[in-house]
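**Q** Join the two chains into one complex using the hints; note that each chain is given alone, in its own frame.
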Amino acid sequence: MPHRDVMHGSRAVAEAVRLCDVKVVAAYPITPQTHIVEDIAEMVANGELDAEYIMVESEHSAMSACIGASATGARSFTATASQGLALMHEVLWIASGLRLPIVMVNANRALSAPINIWNDQSDSIAERDSGWIQIYVETAQEALDSVIQAYRIAEDAEVLLPAMVCMDGFVLTHTVEPVEVPDREQVREYLPELRMPHTLDPENPVTMGSLGDPNYYMECRKQQELAMERALEVARRADEEFRRVFGRGYGVVEEYNMEDAEVVLVTMGSVAGTIKDTIDMLGDESVGLLRLRLFRPFPKEAVRRALANAKVVNVIEKDVSIGMGEGALMTELKSVLYGSDIKVLGTVAGLGGRDITTEHIRQAVERAQRALRGERVDEVAWAGLKEEAV
Amino acid sequence: MKVNIAACITEPGSSERNKTGGWRVFKPVVHQERCIDCGSCWIFCPEACISRKEGRYEVDLDFCKGCGICANECPTEAIEMVLEEK
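Line by line, the protein sequences are chains P and E.
When you line the first sequence up against our numbering, it's residues 1 to 390, in that order.
When you line the second sequence up against our numbering, it's residues 1 to 86, in that order.
None of these hints come from the bench; they were simulated from the model.
Some hints here could point you the wrong way.
[To be verified] Within a straight-line C-alpha distance of at most 20 Å, the following computed EDC-like cross-link-like pairs (lysine to aspartate or glutamate) qualify:
1) K27/E / E77/E
2) K2/E / E225/P
3) K311/P / E255/P
4) K19/E / D213/P
Here chain E stands alone, though its shape is the one from the complex (with noise of 0.2 Å):
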């Protein structure tokens, strides 16, 4: 692939197909059973890979860096930072 003059990018949207959840060193793990539904870590992720599904948070790891302000700002801490091991 030739690279763009400049490495101008050239197609809108294109840093979706560049994963950076390589990045991470702990990763977040939700307990669901004491999750209360409140938002706030769909709120403050500031990658915006946390989703709401059927009621449940998910984190997108193709994207999380896991800097972990999701697991800080639960209220009842329903999240955890556990070293990623591969």
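Extracted from the complex, chain P is given alone in its bound form (with noise of 0.2 Å):
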């Protein structure tokens, strides 16, 4: 049976990877992803979960252990954050690469130097282009559930990728929240066994990692980026029957208050509870909020689709390209909407933890409506920064 519990999200993550039946996990501590592994530790130590545990020496290694045990064919998971995701980077091509559906939870966290535990979403952005499905999410039962939708993406025959799910490090990881605990046996039930067209096994010798010359390499690329649109589809369907299933789904999108939005805040990850809670506050009509949850596949279709009526779009988002002077999901929208008379703005925010309050938002909000106006505005602001100290 379900049932309903109060826990860290940290702690919902790993009911999720339980309920998984994962086989093999690997991982190195890093804050503040640690409670997730930690609590799985338990739970096999326990004996509520039959995995292999293996303790590795880096983040680098964690990632190349599941790719090794993920070519068996064995469901496989870990997690990280920020300089473990980074030291990762070159192993994530593999995965992605060999095409192996592994699950990883980033728990976001900024980037060094100047070092910097806290909350923001540049370590995850940065490995946009790595073949990695991600999946931003917005709460600990959010999270929970899009462990395991992941693993049914991930899995999927049409798609074969590895899926990185995002959840704000701290924010999410370490607020306490009531969260269900689906049923063992539906998650069974959602999630058939892991079949692979390849496995390394003695009795069918195969070859996974060969070379791949200039005559073959850009083919393998393109069955990539072929896997990943199908990925779009596999996950807006995983979603539904995943709500058929559980009683709850997310979208690949998630429209808030949109059907008479004229200004539009776009986000992902959980800063849309805030600007859920501002646009309340506000009572207005004409604000909506748009979150994306998929940022890789990009959900183009589903954002033009749901902007169709915007007329200025303000990117609330916590990462920036440094020398774009933008954030990278901005980048993306105005590619996504090129050639729409949609304005697109800008809102660097949260950046190493900085909190992101109402007030943030609603300027966000009034810049846009001056840019409504037809008044000239900054095309990128960065909210709550101490002027007077750069």
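**A** In structure tokens:
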């Protein structure tokens, strides 16, 4: 039976890993992710999860161990954050290039220097081109549900790509929320056993990680791109099916107060909660929120559809592409909306754990409204920046 | 020909069909009259492309990459590395 409990977001992720009958977990501790793999270690020690738990000497090794395990056909999991994800960088490409459906939770945290353990999303945004599916979640419940969905999407025969579930460090990992933990049998029904076209098996020898010389490398990359395109529809169906089985779903994008919205805030992750509250406080039907849950594959059509009646968009994001002067999501949104009359503004916010308040959201709305009235406004603003300290 | 997912090779030994001799700059030429049948070239060849046939050592030029280890190891200098000219 499903049961309701109050727990940290990190515990919710561990529960999902248990429910998915993950076979191999390779992990290295890093704040703010450590609770996740600690909880999983406890589950393995208590016999609640029948998995091989590999303690490794670095995140590079954690991902490498997951690659080896996944290549044998074993459902594999790891979790990391920030510098840990950065250290995995080169192996992330191997996991996706080998088309291994590993699922990883990234507890979003700022990158050094200066050293900072708090939340922003620069770490996973920096890995956007690594061939991993990326899902950004708003709540602990969504983190749990998204891990289950991530396996279903990643392991689909039409996809076979690794998936990263990104949850804001501390804001979600260390916050206690009521969470419904699904029934194990129901999860087994939703998530069939992993079947891969090729696995490492001494009875049927194959070569994985072979040379892809200039004659074939491009074809492999194109296959990955096509798989990523198919993942969009698979993700949509996986969420619909999830809703049917468990009674809740999220969509690949979430629309809030969008029916008559001319000004739309666009974001990813937990700050959507603050934005929804601000919209409620404003009580203004002309202000809506579009939350992207899926960042890779980028849900281009769903975004265009959702913004069909929007006039001005303000992208609130916890990352900045230094030298471009704006965040990656803003750049991508402009690309997706190219040729439309929608004005795109950006708000860089919450870097290194700086609080994003309802006042910052209000300012972002006001700037968009001024632009709507034809006033000149800054294209990009940094929310809560201490100008005098720069 | 469709490339397998992730370029996975499912047929053992299929690399034999991928002739790699074209990488070579110098090719080994065996001067049989100086060969004392010690087998050093056969032992040291990292590509296993030297074979002994009726007391003579022959190089499989489809796979020899011209590294010259055989010539270097030959105690009687019976193997000479000669520039490939095509």
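**Q** Give a verdict on every hint.
**A** Hint-by-hint comparison with the structure:
1. With a CA separation close to 14 Å, the supplied pair K27/E and E77/E stays within the 20 Å bound.
2. Between K2/E and E225/P the alpha-carbon distance is near 16 Å, which keeps this suggested pair within the 20 Å criterion.
3. At most 20 Å may separate the alpha-carbon atoms for a hinted pair to count; K311/P and E255/P meet this at roughly 16 Å.
4. Taking the CA atoms of K19/E and D213/P, the gap is about 14 Å. The hint holds against a cut of 20 Å.
In summary, this structure violates none of the numbered hints.
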